[in-house]
Amino acid sequence: MKYAACKKCAESVGMVNIMGNILMILIKGYMGVVGRSKGLIADAIHSSADLLATIIMIIGMKISENESDERYPYGYGKAEYIVAILIYIFLFVIGVYIVYEGAISIIYKHIVNPCLTAAWGAFFSIAINELMFRQSVCAGTQINSPSMVAKAWESRSDVYSSIAVLIGILGSKMGFHFMDPLAAIIVGVIIIKICIEMIKDSVLNLMDKAPDDEILDMVNKSLEKITSISGIKNIFGREVGRYYEFQIDLYVEPNITVSQGEIIKREVKQVLSNTIERQLVIKVRLLTEKKGESE
Amino acid sequence: MNKGLIWFGPISVVAFVLILAVMYGLVGNIGDLGPSGEQPEMNFVHNVQTFPSGVGDVQNGQIQLINKPSFPTGIGNGQIQLIKQNNSFPAGIGNDQIQLIKQNQIQTPYLGINIGEVPEAVARELKIPVGTGVYVKSIITESPSEKAGIKTGDIVLRFDHQPITSHEQIGRTLKTKKAGDVVKLVINRNGKKKSFHVKLESVPADIVPAAAALKKPSWMGADIQDIDAVIRMQFKLPNKDGVIISYVTPNSPAETAGLKVGDVIERFGGTRIRDVKQMRDLILGSQSGQQAMLTVFRNGETLSLPVIMGQQVATKETIPFLGPADMAIEGTWIGMDVTELLPEDASALGLPPSTKGILVNDVESPPATMIGFQTGDVIIAINSIPTPDMKGFVKATEKQSSAVVDLLRGNRHIFMSVPPPGYTQQGSKINNVIDNKVKQVAVTTQVNGIIAISSESPDLNAAIPQDINQSPYLILVDLNKNSYATVSMNGGNSLSNIVGQYNITSLICGNIPVQTANNLSSNGVFIYSGIVGTANDAISLYESGSLTAAR
Ligand SMILES: [Zn+2]
Numbered sequence: 001m002k003y004a005a006c007k008k009c010a011e012s013v014g015m016v017n018i019m020g021n022i023l024m025i026l027i028k029g030y031m032g033v034v035g036r037s038k039g040l041i042a043d044a045i046h047s048s049a050d051l052l053a054t055i056i057m058i059i060g061m062k063i064s065e066n067e068s069d070e071r072y073p074y075g076y077g078k079a080e081y082i083v084a085i086l087i088y089i090f091l092f093v094i095g096v097y098i099v100y101e102g103a104i105s106i107i108y109k110h111i112v113n114p115c116l117t118a119a120w121g122a123f124f125s126i127a128i129n130e131l132m133f134r135q136s137v138c139a140g141t142q143i144n145s146p147s148m149v150a151k152a153w154e155s156r157s158d159v160y161s162s163i164a165v166l167i168g169i170l171g172s173k174m175g176f177h178f179m180d181p182l183a184a185i186i187v188g189v190i191i192i193k194i195c196i197e198m199i200k201d202s203v204l205n206l207m208d209k210a211p212d213d214e215i216l217d218m219v220n221k222s223l224e225k226i227t228s229i230s231g232i233k234n235i236f237g238r239e240v241g242r243y244y245e246f247q248i249d250l251y252v253e254p255n256i257t258v259s260q261g262e263i264i265k266r267e268v269k270q271v272l273s274n275t276i277e278r279q280l281v282i283k284v285r286l287l288t289e290k291k292g293e294s295e
Numbered sequence: 296m297n298k299g300l301i302w303f304g305p306i307s308v309v310a311f312v313l314i315l316a317v318m319y320g321l322v323g324n325i326g327d328l329g330p331s332g333e334q335p336e337m338n339f340v341h342n343v344q345t346f347p348s349g350v351g352d353v354q355n356g357q358i359q360l361i362n363k364p365s366f367p368t369g370i371g372n373g374q375i376q377l378i379k380q381n382n383s384f385p386a387g388i389g390n391d392q393i394q395l396i397k398q399n400q401i402q403t404p405y406l407g408i409n410i411g412e413v414p415e416a417v418a419r420e421l422k423i424p425v426g427t428g429v430y431v432k433s434i435i436t437e438s439p440s441e442k443a444g445i446k447t448g449d450i451v452l453r454f455d456h457q458p459i460t461s462h463e464q465i466g467r468t469l470k471t472k473k474a475g476d477v478v479k480l481v482i483n484r485n486g487k488k489k490s491f492h493v494k495l496e497s498v499p500a501d502i503v504p505a506a507a508a509l510k511k512p513s514w515m516g517a518d519i520q521d522i523d524a525v526i527r528m529q530f531k532l533p534n535k536d537g538v539i540i541s542y543v544t545p546n547s548p549a550e551t552a553g554l555k556v557g558d559v560i561e562r563f564g565g566t567r568i569r570d571v572k573q574m575r576d577l578i579l580g581s582q583s584g585q586q587a588m589l590t591v592f593r594n595g596e597t598l599s600l601p602v603i604m605g606q607q608v609a610t611k612e613t614i615p616f617l618g619p620a621d622m623a624i625e626g627t628w629i630g631m632d633v634t635e636l637l638p639e640d641a642s643a644l645g646l647p648p649s650t651k652g653i654l655v656n657d658v659e660s661p662p663a664t665m666i667g668f669q670t671g672d673v674i675i676a677i678n679s680i681p682t683p684d685m686k687g688f689v690k691a692t693e694k695q696s697s698a699v700v701d702l703l704r705g706n707r708h709i710f711m712s713v714p715p716p717g718y719t720q721q722g723s724k725i726n727n728v729i730d731n732k733v734k735q736v737a738v739t740t741q742v743n744g745i746i747a748i749s750s751e752s753p754d755l756n757a758a759i760p761q762d763i764n765q766s767p768y769l770i771l772v773d774l775n776k777n778s779y780a781t782v783s784m785n786g787g788n789s790l791s792n793i794v795g796q797y798n799i800t801s802l803i804c805g806n807i808p809v810q811t812a813n814n815l816s817s818n819g820v821f822i823y824s825g826i827v828g829t830a831n832d833a834i835s836l837y838e839s840g841s842l843t844a845a846r
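First to last, the sequence lines map onto chains C and R.
Using the numbering used here, you'd call the opening residue of the first sequence number 1 and step up by one each time.
Using the numbering used here, you'd call the opening residue of the second sequence number 296 and step up by one each time.
Derived from the structure by calculation, the hints contain no laboratory data.
Heads up, a few of these hints could be off.
Each pair of labels, with its calculated beta carbon distance range [as the list claims (entries may be wrong)]:
{"hint": "1", "chain 1": "C", "residue 1": "93", "chain 2": "R", "residue 2": "839", "range": "49 to 59 Å"}
{"hint": "2", "chain 1": "R", "residue 1": "467", "chain 2": "C", "residue 2": "104", "range": "49 to 59 Å"}
{"hint": "3", "chain 1": "R", "residue 1": "839", "chain 2": "C", "residue 2": "14", "range": "51 to 61 Å"}
{"hint": "4", "chain 1": "R", "residue 1": "753", "chain 2": "C", "residue 2": "86", "range": "55 to 65 Å"}
{"hint": "5", "chain 1": "R", "residue 1": "303", "chain 2": "C", "residue 2": "154", "range": "22 to 32 Å"}
{"hint": "6", "chain 1": "C", "residue 1": "157", "chain 2": "R", "residue 2": "756", "range": "52 to 62 Å"}
{"hint": "7", "chain 1": "R", "residue 1": "303", "chain 2": "C", "residue 2": "207", "range": "28 to 38 Å"}
{"hint": "8", "chain 1": "C", "residue 1": "204", "chain 2": "R", "residue 2": "596", "range": "50 to 60 Å"}
{"hint": "9", "chain 1": "C", "residue 1": "103", "chain 2": "R", "residue 2": "473", "range": "46 to 56 Å"}
{"hint": "10", "chain 1": "R", "residue 1": "839", "chain 2": "C", "residue 2": "176", "range": "39 to 49 Å"}
One-sided and incomplete, this derived list gives chain C residues near chain R with beta-carbon spacing under 8 Å [what the hints assert, rightly or not]:
{"hint": "11", "residue": "36"}
{"hint": "12", "residue": "42"}
{"hint": "13", "residue": "44"}
{"hint": "14", "residue": "45"}
{"hint": "15", "residue": "51"}
{"hint": "16", "residue": "52"}
{"hint": "17", "residue": "56"}
{"hint": "18", "residue": "59"}
{"hint": "19", "residue": "109"}
Glycine included, every Cβ here is placed at the ideal spot set by N, Cα and C.
Pulled out of the complex, with its shape left as it was, chain R reads as follows (with noise of 0.2 Å):
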């Protein structure tokens, strides 16, 4: 026998053993390895057992999805809020609405969109004819129109090749499709006409069970969001677990445990947090009343706070008389326009009419357009600085390059992270968009000596200044002996005169003009410019070699 081949069945068995033991690591640890319909079914099980009466209603009756604008936001903790309506409602009817399942069983297809009219002010920003198309709230995950391409803030102008002019006409559209059928819309969105061919699903079986728990929903009252790279630099956050508090509903049971904007819940019980949607299983899956411990991540610190879960209580503020339309005071800011929020406008959007902000009227250039900035949301802080007026609003982005923007989509509170230029969300480099004046060139070797890192105040947790020469310090780092020291740059000190001094071999530091690089680059200082962040996420992106020198 052939010696190769003798040889061939070991060391198959044994590179297969090796993959079996790399996945068993992974079970366990990533809850998304595998088709994941397990919580679901368990939440299935659980809501038999505690609202036995309101499992035949379920499937007699109907299941709306209601988002409704004089809800107080977060509502139900997750993006969508489920609730159950009375049996005679019929289908596809009232604002805002988004049916789920029909009577008698026959289910109807499940496009998993919630419409409403279009708020005037995106009206007349898009110049659309009043009366014409319907208005993408907010989409589900995971569903048919967002497997297609829809998004938030689009208006529905045909469907199934019939101009749309109000929601009920697609409710009514709907119901003599079925799952499997391709249903063409045509949509505006930011002006621009689009179609995109909707392939229509049964209802996913986890709506069912979650919307039945909601006949009275278990509620914290607080937005959750997902960590990426921008928030975890802003928040100081020391990895990506958990999920992040963007809002705390007032007289929730989240306040009244004392959850606070930027609290980290890294645990649930005994459940470590992974993402948005396994907080809100767990959350839809505990029963009002029942007091849950979570694990809170917050200013260095983990808290243990209790929770006792409650229910929603839908409160209906009334709307003021609205005055005569102030002047807008405009703005743009990176890539889109930008307007102080108006009454009326706020009322357009289903926000409450005190609600203090800026508007964002257009989404036109990147990276706004990148980021998810859409039309119709409002700005109300950024990192933490709130923006009630224009004032407030160019007085928190003058130095930012970074930031995390808190803003109001439909009633729901986001967090939206702008990344440093040249970045993702995620913190990876974007190539070639960071410094068009300088040439990128591979990294060969590391250079071991001082680095200096250009920085806002003597201490490894301040920001890299946007530019070089309004930086009032250098951090001058030495790797081999993992220390640092600050050198002042005020009073005469020029870089030139550092560099030489102390021996400096890399330069770390935000926009750097041309000439001072090429002067110290011809004197073999490796500079990385364009760079945003603190001083330690800079040392931390040298020593993994992420960096990359600019000539």
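Isolated chain C, as found in the complex (with noise of 0.2 Å):
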């Protein structure tokens, strides 16, 4: 880390994202209207399914830290994940109407006329997303997070989206009116891509998806270096909410003492948990080796 103030900065991007995101699904939208373009009113619905997804995220992390009660004793994690589909399932809806709209407005050759001030709205719109890439990059690499960066390049799909509205309002401007439904569905078609992903993911983290592979390797690769095992049986995982649960069964020597066992337990939680930069919900058993299983 290059400055301390890196972290402080670092800290603000969740924050700086959804004001950010707000401040633009207000701008484009109301220069959207005003300025009649089809384009930026498409985009201030792409930056809101930004949005949405950021605000369910949040939304995630309080369910998951409600306790869980008698009805439903392992929490609500899951709620995230039926609130997404159904918010995503709508969002699909327009985004497909947006589409169909679009090319009605080019087929029937209406006269999508947009003033300048949508112009404008499109401008403001690239500006503030590539402050928001460039804030994410520099404070992703400083604080060393890949998720971080990942995020900051999804803003910067954001910056392609908003340059393509501003060449259909232009290109509207220059006599070409086919452009701005154009660049409408262009936003369109990138709106039902983000939500055919989100309800893809969704749906199989409700259906108790396993971690992706690499998270199972590194599991295993941080059991083998704890010597009082002498073999791994099974590893079973899933995401809660923005927990991880693995169901973790071993094999230990036959003759270990009952607080020998638990040493052992707590020794796989902190290996893990050390590992695994999320938070773990972690149930160990220990098997002891029956003959024939081994080696």
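From these two lone chains plus the hints, build me the complex, please.
Structure representation (structure tokens):
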């Protein structure tokens, strides 16, 4: 880390993202309507989709923090995915509508004649997204967070979508009236793509999909370092909200005492929480090795 | 964290997305969502390219808005004709002129009225001494005058506290003003004095390029007009899209192309036509000699007619010697006094002396006042029946309760819609005006069963007669089965018999005697009276639930 300020900067990334998106939705929505640009309105909806993704993530955290109760002994972690699916199905429909309406406008030669106001909206959007991208990349690199850098590249794709909108508006102003709806269609396709990805993710998580292979590999590798374990029977894992839940069955020497077993369990949990950057719920069962099953 | 607060975020974003989606759908379909400044802007670019030499002239010289009585109708296709004049032409002088731009780039503020001498007939009618006031011949749309409430046909008596005796005076006074100044106008409107305050503005940008273009204005030669509900009904149009032609100038490009009065222009090239203003801009934006493909709706068919834009040729008509005035034949109709148009009236109104028609002398009471008739209008046809004299006029108005009136105002043909009693021009019902004898009640449930509609002929497109006692047919409609049958009411087949025989639950008709109505409704028949239009119109009104049963 070059400067101490970078940590503060990195902490503010989330908030800047939310504020930036709200600001852009308002600017693009207003200027799109007043400036009569289909592309800019579609882009405002795109920013709304991005904002909703962030909001859902925050809600997911809040819900997961809620304690479990008698009715839901495993907590409310999965509510996040249900909400996400509902919202993204809604956005998917909107995305399809944007593409359809845009196509209708082109086919029937509706006069879409945006004002310069709309071009300013697209311009602001490009500028704000680019600034957010730069901040995230810089902060992400400084605090060494690949996920933050990945998020940053997402804002970059928003810049491209706004550039398409700007080109559409300027094209329409030059008399190519199909260009603004065409930009809207492109944005609509981006929205649909986001929705499909999010819905797919949420459904898989609802179905208790196992964590990615690399995570399982990491678990395996770190467990192998623990000498008191004689073998690994199986590792089951799933995502619950922002937690990973692991069910790990291990083989140990048959002659250890109960307190030695507890020490092993604690060690496993310690090792795993050092390797994986997310909150974990780990259940460890210790089994004695049966003859014939080892090596 | 509060649970409600958590959901507030996504719900508000989702709601916002919904609103945006709705607005998204509207953009491009309805052009008038926002401030429309685009079309003129495009025009301007276009004009600069087309008339490079004219641009300098426009800035240094002067543009006059001219409305000469001797021009044939249909000039420029719009409501106003813009013609560029000589550089040396002083501001505000000459007959029927409005000055838009002053010399030396100092802009005279813009008033937006087209003024002329008070027509003799009008002066006589309103008992205004000769040489007093100036006559408002037309108003430019969205001009300061229109915003202030000044109307065509008004007579300006005082302008900026000075009595006005000639229109040059207004031009002179205007030159001493600037945009933003407020000027008081005292006006004689139909004999009553009114005062208005007009806040002057600078000349709107779109008038300048339009005027520049009209140095050699592209011209089609058809008067066009927006379509309202009455016009739609009269011409049996499927919707209100496009603009309707109210007059085709002889020997114009429009006539050559085969355009006819009553044609609805739906598209100009690939562009869908929304209103007169848009159509006018499109015509002005094209060049003379250029061909435009018009999509025209005529008698249920859609035609494509190529029109080659031309240029307006100003023709001067010689005014023949006028004999002594004949005796005026007077009449009244829907709240106005009318006389046969005399040649002297015609020349006073700036019309060709050979014009035949009915002159509106006085507009005194509703519905004429509401509809927008004005003193000085000349009615030349009603529902396509010509009204060259009082006899024809009486015949044309005899059986009409809704009508499209073809009239001349200034040098423009206007279709004036006279809605049926109890309706507005847009086809919506005016409450409590329908029939004072029957009380209106809110309709609670739609009744299923047979609906009887009184009709002129056994045809769903036939008109509903004004009086049910003169109705030759009843059309019986079963909405459940989407079927209808017709019954003749001649030969002793009385209304109550038919109602009983066919189990009729609702009756749609024109006027109905109170006694008959009472008898029927005491037998449980819902009566929808005072309805005008075709049986088809009545059915759709009934189905949409917009009819109100009377009791
Ligand atoms: Zn995005």
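Hint-by-hint comparison with the structure:
no. : hint                        : verdict
1   : C:93 <-> R:839: 49 to 59 Å  : violated, 29 Å
2   : R:467 <-> C:104: 49 to 59 Å : holds, 55 Å
3   : R:839 <-> C:14: 51 to 61 Å  : holds, 53 Å
4   : R:753 <-> C:86: 55 to 65 Å  : holds, 56 Å
5   : R:303 <-> C:154: 22 to 32 Å : holds, 25 Å
6   : C:157 <-> R:756: 52 to 62 Å : holds, 58 Å
7   : R:303 <-> C:207: 28 to 38 Å : holds, 30 Å
8   : C:204 <-> R:596: 50 to 60 Å : holds, 58 Å
9   : C:103 <-> R:473: 46 to 56 Å : holds, 50 Å
10  : R:839 <-> C:176: 39 to 49 Å : holds, 41 Å
11  : 36                          : holds, 5 Å
12  : 42                          : holds, 6 Å
13  : 44                          : holds, 5 Å
14  : 45                          : holds, 5 Å
15  : 51                          : holds, 6 Å
16  : 52                          : holds, 5 Å
17  : 56                          : holds, 7 Å
18  : 59                          : holds, 6 Å
19  : 109                         : holds, 5 Å
Hint 1 alone, counting from the list given before, is not met by this structure.
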